[in-house]
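Residue numbers (this note's numbering), protein chains in the order written: chain P, 231 to 506; chain R, -15 to 300; chain X, 38 to 368; chain H, 602 to 842; chain Z, 60 to 408.
By construction, these hints were calculated from the structure, which means they are not laboratory data.
Take these hints with a grain of salt, some might be off.
[To be verified] 30 Å max Cα-Cα, derived BS3-like pairs, lysine-lysine: (1) Z:K171 with Z:K353; (2) H:K604 with P:K488; (3) Z:K353 with Z:K86; (4) P:K488 with H:K754; (5) P:K351 with X:K157; (6) H:K820 with H:K782; (7) Z:K329 with Z:K353; (8) P:K295 with X:K157; (9) Z:K324 with Z:K408; (10) Z:K91 with Z:K324; (11) H:K604 with H:K820; (12) X:K196 with P:K342; (13) P:K351 with X:K230; (14) Z:K91 with Z:K104; (15) P:K400 with P:K422; (16) Z:K388 with Z:K86; (17) P:K342 with P:K352; (18) P:K488 with H:K725; (19) Z:K356 with Z:K388; (20) X:K157 with P:K300; (21) P:K488 with H:K820; (22) P:K352 with X:K230; (23) Z:K251 with Z:K194; (24) H:K782 with P:K488; (25) P:K300 with X:K196; (26) Z:K408 with Z:K396; (27) Z:K327 with Z:K353; (28) H:K653 with R:K78; (29) X:K196 with Z:K171; (30) Z:K353 with Z:K371; (31) Z:K219 with Z:K171.
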Amino acid sequence: MTLVFDNLRKQYGNNVAIDAVSTRFEPGLIHGIIGPNGAGKSTLINMTAGSYTVSAGSISLDDRKLSGLKKYQIANAGIARTYQNIRLFDQMTVLENLEVCFYPQEVGQTWKEVIWPPFAKKREARRQDACMELLSFFNLQGYAHAYAGSLPYGRQRMLEIARALVTNPKVLLLDEPAAGLNHHETAELTAKLSELKSQNRVMIIVEHDMDLVMALCDRIVVMHHGKLLFQGTPGEVQASSDVQLAYLGTANDIDDIKAAAQDRRAQLGIRTRQRS
Amino acid sequence: MLGTIIQQTVNALTIGSIYALIALGYTMVYGVLRMINFAHGEMFMLGAYAAFLGLSIFIGDIGGAGAFALTAIFFGAVIAVGLVGVGIERIAYKPLRNSTRLAPMLSSLGVSLSLVTGIQILAGPQPVGFPSFFPATRLDVLGGTVTLVQIGILIAAFVLMFGLYMLVNRSRAGIIVRAVSESRPTAQLLGINVNLAISLVFFSGPLLGAAGGILYASYYGIMSPSMGAVIGLKAFTAAILGGIGSIPGAMLGSFILAFVEVAGTALLPIVSGGILGTEYRDVLSFTILILVLLVRPAGILGTPVSEESMVYKREF
Amino acid sequence: MSSTDTTMQSIPRTGRLVPIVVFIVAIALIALTPFLGNYYIRVVNGLLIYILLGIGLNIVIGYAGLLDLGFVAFYAVGAYTYGLLASAQLGIHLPFLLIVLIAALLGMLVGILLGVPVLKLRGDYLAIVTLGFGEIIRILVNNVDWLTGGPKGIARLDKASIFGIEIARPVDFYWLLLVTVFIVATIVWRMEKSILGKAWAAIREDQDAARGIGINTTNAKLAAFATSATIGSIAGVIFAASQRFVSPESFSLQESVLIVLMIVIGGIGNILGIIAGAAILILLPEVLREFAEWRILFLGLLMIALIILRPAGIVPRSFGPERLIRGLFGK
Amino acid sequence: MLKIAGLNSGYGRVSVLEGVNLEVDEREIVVILGPNGAGKTTLLNSISGVAKATAGTIEFDGKAITGARPEQVVRMGLAHCPEGRQIFQRLTVEENLVAAHIGRGGKSFEALRNEVFELFPILKERRNGMASRMSGGQQQMLAIGRALMAEPKLLMLDEPSLGLAPKIIQQIFHIILNLSKSGISILLVEQNVQLALECGDYAYLLNTGRVRLHGPAQKLATHSDIGDLYLGGATEETLHV
Amino acid sequence: KDVTIGLAGPLSGPQAYFGSTWHNGFKLYIDKLNAAGGVNGTTVKIDQEDDKADPREGTLVAQKFCDNEDVVIGLVNFNSGVAQSTLPIYEDCTLPTMTFGSNPALTQQGYKYMVRPVANDFAGALLPAEYALQKLGAKSAIVVNDKQVFGQGISEIFGKNFTAGGGKLLDTLSVAPTDVDFTAVLAQIKTKNPDVIYLGAVMPQLALFAKQMHEQGVKATLLVPDGGYTPDYISQAGHANVQGSLVAVQAPPMDASPAIADFAKQYKEKFGSEAGPYSIYGYVQGQILEAVLKNAKGLTRADMNTGLHNVKVDTAIGHLEFDDVGELKVAPSYLYKVDGDKFTLIGQK
Ligand SMILES: Nc1ncnc2c1ncn2[C@@H]1O[C@H](COP(=O)(O)OP(=O)(O)OP(=O)(O)O)[C@@H](O)[C@H]1O
Ligand SMILES: Nc1ncnc2c1ncn2[C@@H]1O[C@H](COP(=O)(O)OP(=O)(O)OP(=O)(O)O)[C@@H](O)[C@H]1O
Ligand SMILES: CC(C)C[C@H](N)C(=O)O
Ligand SMILES: [Mg+2]
Ligand SMILES: [Mg+2]
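I would like the entire structure built from these sequences, with the hints used as guidance.
If you want it as structure tokens, here you go:
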């Protein structure tokens, strides 16, 4: 169960957002995708999930080609995702947000559900049990009957991840799951994500929070200007001079600024006042 | 034959100009507030009634009025309607700015209903004759008959549309309006008075609509409280056809719709061998609208809103 | 920001008073109506038809979040099905229930035929296309004179009868409509609670995210369209049978808009809201009949006021039938 | 020139800031640090009137601006360059500048625009191009240039280095230093602790809605607790060094 | 002892003018009648309702009248389309009506409780066809209609009459009832160059069409039905544009007889405006009612129905009586020509 990008390309008009990216994501590992703003990280996620079409090349899960399928078909093939901006069903309860994920499996018997209430009750109970279990895992059980839109931001992030997990996907794509989370929440998230690591799941995390990425990921793909700049373990990535130059920064840059700042202070002669 | 073609072209251009004046109002409001202002057709109607009121108060007999007086009344009326538009926005739409998209739309339906009945109560429900702002001169152009009114409408409409285009694309006010349409919070943060910008839109849209109403009333020689409904719907259709939110789109859509209508009348019976008569004209227009939208889901010149791009914009 | 304090976030439980009062008033009104004059029964019948239409359209607008301005087309399909199959127009005189069945299937078919091409469109574009579709149907009906009688319509439709019981007086239709509304409302409500209904809600909230969790949105929307069309068509049959006359005038754009308004003013996505909305928009003008034009002005202003004061409708989505039931029977 | 005392603020029922005190002097660069969600953006939003203060006072140039609307605040000379740049994508570069010109300080649009062009030559080059076509760094320059169109006395910058490549970040910091030299006071929100403290004069560290630590930037840079506080270390007291 | 007459017609919306002025004519007569002590001591009350020219509203009003035992006659529905849906209801509750819709089909459905005190469209479309063929020497015609019950019905009849009389019908065109722009249709008509155009529609379309027809240089003579018999037709079209246009209507000229002139004067005094095109019929219906009441055995609906079907009365527009389907035996019909800003009578039947 390996997710494979083969010579992937994405173009918006003349703007090439992803250029000749080939790589493999193995199950059982947590993969990180990092890179500066606009490097094409979200584009990769969006293409994998079917939100964007692929301009050239292909994406496949084992031997099944995903690119070209409709978005919902990709989802039903076992690809689940979260969004860089949280996209929950705000006016539905937390529980319903998860329940609705069973639609593809259960829609066939809607009529039975409508006509025969006991059947509906039984099925609903079964769905809800499964959902509640997951909610407990994310400490969201207390919110089950609240509207998703009314949850605090951090809880919404968790809920979105829970929603992606409900149907036990083969591939889990997380687009900046820590964005907007405070420190405690990030720590909690890190813990939960490492617990979710599983032999039969490919996990991919796009993130700017280097602490989280370095702590969690087994392998990191660095994107730059739509191209694959580097891939390797966290240690290798941090050591790579290419990556430092493009993304993490080098020592020299800092020295330049230091000099300029001193220059300014000398020129203005500001004497900073202590405040209460 | 040539005469008929010329004739029909002029007819289509005239109808198209009037549609365009109204369609622009729909498009501007939509561009800024993402709202369909169903009361916009009534601005068109109010324009005619305001001008009529002006005429009967200040002039009485149009025959004796000088060009200056007529121009003054024209502008007085359209400005008055512009102000009404601003007032309506403040009362009926502003409280709903953060509501669902459906709410201001339905509020505008309420406004529309109130205005139509209000005028019915004040001025009577029946159609009233409207004096022509233009002398009834006819010209013969290569076998086609063109009236001075038609030429006047064409010129007036193009001048107004050009003015609007310049306003929106070249003037500071226009740039500010476009900025507000893109992001109200950011505009506010930059010191732009968002309410003023929205008011400007609700001033100029109704103003153009009112101008359309006066031109229309003097072209057809008639006005009625319900005159905004049908034409408003057509102009709205035109705006959608061209891509709502786009100013050139509104104009293009209007002229296309007008040409389709004229062609529907002139050619449908011939093309279908007499099976489909002129009564199927609107079926033809709507069918073309639907076909265009199937190929271009955001209209001819509209910018398609792709799935994730809205998210993208917020993020970046 | 403690994350365990959640009880306040939950949907509040209902006090029992409101549901009980609503229930008693409803039962009283239902029981009293047959004893009123025929005129009042006719007004109530009109109300019930609009409620039926509202319930149908609400599936598309309130549940799936698609603005459909051409709903009246399905209403016309049903009405003309009765007009053609139970009159001298084609010399066909089928029994009422059979026509209901045929109209329901036909309505569903038309709903799907319309749905397949247009459901790709979003928001306002969907609105104008459905509007155009409604107009196309009306114009066709007005112009294929040989079949529909054109503007003259079809007069002297057969009296309806069910299992030999003639349905002709206003009070007969009252009972027929009441039963129909009850059955349809129950089915629709159960659909809303089913997994399909949840998918509709997801589509309404965020279509793309809904696709992202594997919902085939086209199919789910088609189901909404088809169900809604079926209900519209059934309402049309009953309407035609009670008027015993059909003509294109009854299927104007204004009717579609009226139904949308009913839904939004009453409480979008909520069957109880639709009843409230219909009551205001259908009964109020009748009550204010004396005031001629002024009543329409009043209605317009009231609409604005209601939308501003209660943007979520008179009866909010959260006060749905289940809340009523819960309030009545405890728990 | 900016003085905030006891500020509580948030969005609707969500309360974010609690008892924030903060001051910016003439020509100073004051840095606000803090982890994600600390309330830095909310603080700037409260100053410029987007988020509503529920308690406390904000004073600018000796006048209270608590509760003022954003456009009033900008007109007093306090410009806000928002997080995430927020440039108008559908406008050209020059139109972005036009929209932001409110004619506050009396300079003509042309004069101001030319100053901005001088500062950011790339903007002059791209003046008639769509803003959306520019790279992230260029967009950030446009965002700063746009804020300068208001002729601010105090410029608030919210994470100007967000998601930019290091080279560009360096450039942005040079620009900030130059602006300060030209006499504009700066309130800078940054996640990039090292660089910000290097450039700033005074710094505040915000976490979970409170000021946890403040002091002269140079001192803060070497302060032992900073890492701990940054990660939400458990003091209830506000420390200063 | 008094009786109530139910009046239903369009009182709001674009047709309100026709409905209310027609009802006013009736009120004028009834007020006089009541002031004179009623008929044999019976005074007449009026229950006036708005049908909005909408069939659904019409049925509600119909039911309201049916339910009200005091209502013994309905003076109903200006529009044939509305009458179509209300007549079955009146029939069911045996409430006799004087129906005003002029579509011929109304009397062909076997209703026993209706009479029509106005010429139907057979009459309305015969006179103009004959006149066009014989007096104007027209050889060819084009028929345009608005695809409404009335407009389509009457123009079909005109077409039949015209061909039956030896003329040639070049084309039948339709416009939408909400159209205001006929230039495209007119440009097509111009290529066929007909001698006359018959326009089956209502105001304001009649005026708009006439105006544009003239402006577009179409030379044919325009014939229009009864809706055009209003000063608005001339003023809204602009009188230069309607000169020579022919209007067929059931109503006599206001100076046709002293009785009518007197009526016009009274109307103006009472309501402050000129009488509407159908006001005289309201007045005549008052006279019919008086005659019915005078000879009635009782005041039940059945009595009224018998009375209506057997009435023989001299009215402001002449002698009226009904045949067994409720149609006027001799239906007065007049043809006018627009001359200056007036209608001059050029033919009658
Ligand atoms: N819908 C779109 N239309 C046009 N261009 C786009 C679109 N989405 C992304 N791009 C372009 O594609 C490139 C890659 O964008 P992407 O969103 O994938 O970056 P990212 O690595 O996720 O950045 P971030 O860290 O900001 O999330 C950018 O240059 C952007 O301009
Ligand atoms: N519009 C809003 N409505 C409600 N809560 C909000 C809103 N914006 C931010 N918040 C909440 O306020 C808190 C502080 O957010 P703020 O944006 O001020 O943090 P920040 O320090 O700027 O973080 P970052 O480094 O991510 O920009 C967060 O918990 C966030 O969820
Ligand atoms: C307006 C009128 C001409 C109406 C016409 N008498 C009808 O039967 O509908
Ligand atoms: Mg991204
Ligand atoms: Mg921030």
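Evaluation of the provided hints:
This hinted pair checks out: K171 (chain Z) and K353 (chain Z) have alpha carbons roughly 22 Å apart, not beyond 30 Å. For the proposed pair K604 (chain H) and K488 (chain P), the alpha carbon gap of about 28 Å is at most 30 Å, so the pair holds. For a cut-off of 30 Å, the pair hint linking K353 (chain Z) to K86 (chain Z) stands: about 18 Å separates their Cα positions. Straight-line distance between C-alpha atoms of K488 (chain P) and K754 (chain H) comes to about 25 Å, which keeps the hinted pair within the 30 Å bound.
Taking the CA atoms of K351 (chain P) and K157 (chain X), the gap is about 34 Å. The hint is violated against a cut of 30 Å. A hinted pair counts as satisfied when its Cα atoms are at most 30 Å apart, and K820 (chain H) with K782 (chain H) qualifies at roughly 22 Å. A hinted pair counts as satisfied when its Cα atoms are at most 30 Å apart, and K329 (chain Z) with K353 (chain Z) qualifies at roughly 26 Å. Of the pairs offered as hints, the one joining K295 (chain P) and K157 (chain X) holds, with about 25 Å between alpha carbons and a cut-off of 30 Å not exceeded.
Distance restraint check for K324 (chain Z) and K408 (chain Z): the Cα-Cα separation of roughly 26 Å lies within the 30 Å cut-off, and the hinted pair is therefore satisfied. Annotation: proposed proximity of K91 (chain Z) to K324 (chain Z) holds, straight-line Cα distance about 14 Å (limit 30 Å). At most 30 Å may separate the alpha-carbon atoms for a hinted pair to count; K604 (chain H) and K820 (chain H) meet this at roughly 22 Å. Distance hint between K196 (chain X) and K342 (chain P) is unfulfilled; the C-alpha atoms sit about 35 Å from each other, more than 30 Å.
Under the criterion of a C-alpha separation no larger than 30 Å, the hint pairing K351 (chain P) with K230 (chain X) is consistent with the structure, at around 10 Å. For the proposed pair K91 (chain Z) and K104 (chain Z), the alpha carbon gap of about 12 Å is at most 30 Å, so the pair holds. Taking the CA atoms of K400 (chain P) and K422 (chain P), the gap is about 17 Å. The hint holds against a cut of 30 Å. Restraint check for K388 (chain Z) and K86 (chain Z): satisfied, since their Cα atoms lie roughly 25 Å apart, inside the 30 Å limit.
A hinted pair counts as satisfied when its Cα atoms are at most 30 Å apart, and K342 (chain P) with K352 (chain P) qualifies at roughly 12 Å. For the given pair, K488 (chain P) sits about 29 Å from K725 (chain H) by alpha-carbon distance, which is consistent with the 30 Å threshold. At roughly 24 Å between alpha-carbon atoms, K356 (chain Z) and K388 (chain Z) fall within 30 Å of each other, so this suggested pair holds. Straight-line distance between C-alpha atoms of K157 (chain X) and K300 (chain P) comes to about 13 Å, which keeps the hinted pair within the 30 Å bound.
Straight-line distance between C-alpha atoms of K488 (chain P) and K820 (chain H) comes to about 15 Å, which keeps the hinted pair within the 30 Å bound. Among the hinted pairs, K352 (chain P) with K230 (chain X) is consistent with the structure: their alpha-carbon atoms are about 13 Å apart, no more than 30 Å. Pair hint K251 (chain Z) plus K194 (chain Z) holds up; C-alpha atoms about 22 Å apart against a cutoff of 30 Å. For a cut-off of 30 Å, the pair hint linking K782 (chain H) to K488 (chain P) stands: about 15 Å separates their Cα positions.
For the given pair, K300 (chain P) sits about 51 Å from K196 (chain X) by alpha-carbon distance, which is inconsistent with the 30 Å threshold. Distance restraint check for K408 (chain Z) and K396 (chain Z): the Cα-Cα separation of roughly 15 Å lies within the 30 Å cut-off, and the hinted pair is therefore satisfied. Proposed proximity of K327 (chain Z) and K353 (chain Z) is supported: the alpha carbons are some 28 Å apart, at most 30 Å. A threshold of 30 Å between alpha carbons decides the hint, and for K653 (chain H) with K78 (chain R) the separation of about 20 Å falls inside it, so the pair holds.
The straight-line distance between the Cα atoms of K196 (chain X) and K171 (chain Z) is roughly 19 Å, inside the 30 Å bound, and the hint therefore holds. Taken as a hint, the K353 (chain Z) and K371 (chain Z) pair is honoured in the structure, with Cα atoms around 11 Å apart against an allowance of 30 Å. Proposed proximity of K219 (chain Z) and K171 (chain Z) is supported: the alpha carbons are some 29 Å apart, at most 30 Å.
Figure legend: structure checked against the earlier numbered hints; hints not met, in rising order: 5, 12, 25.
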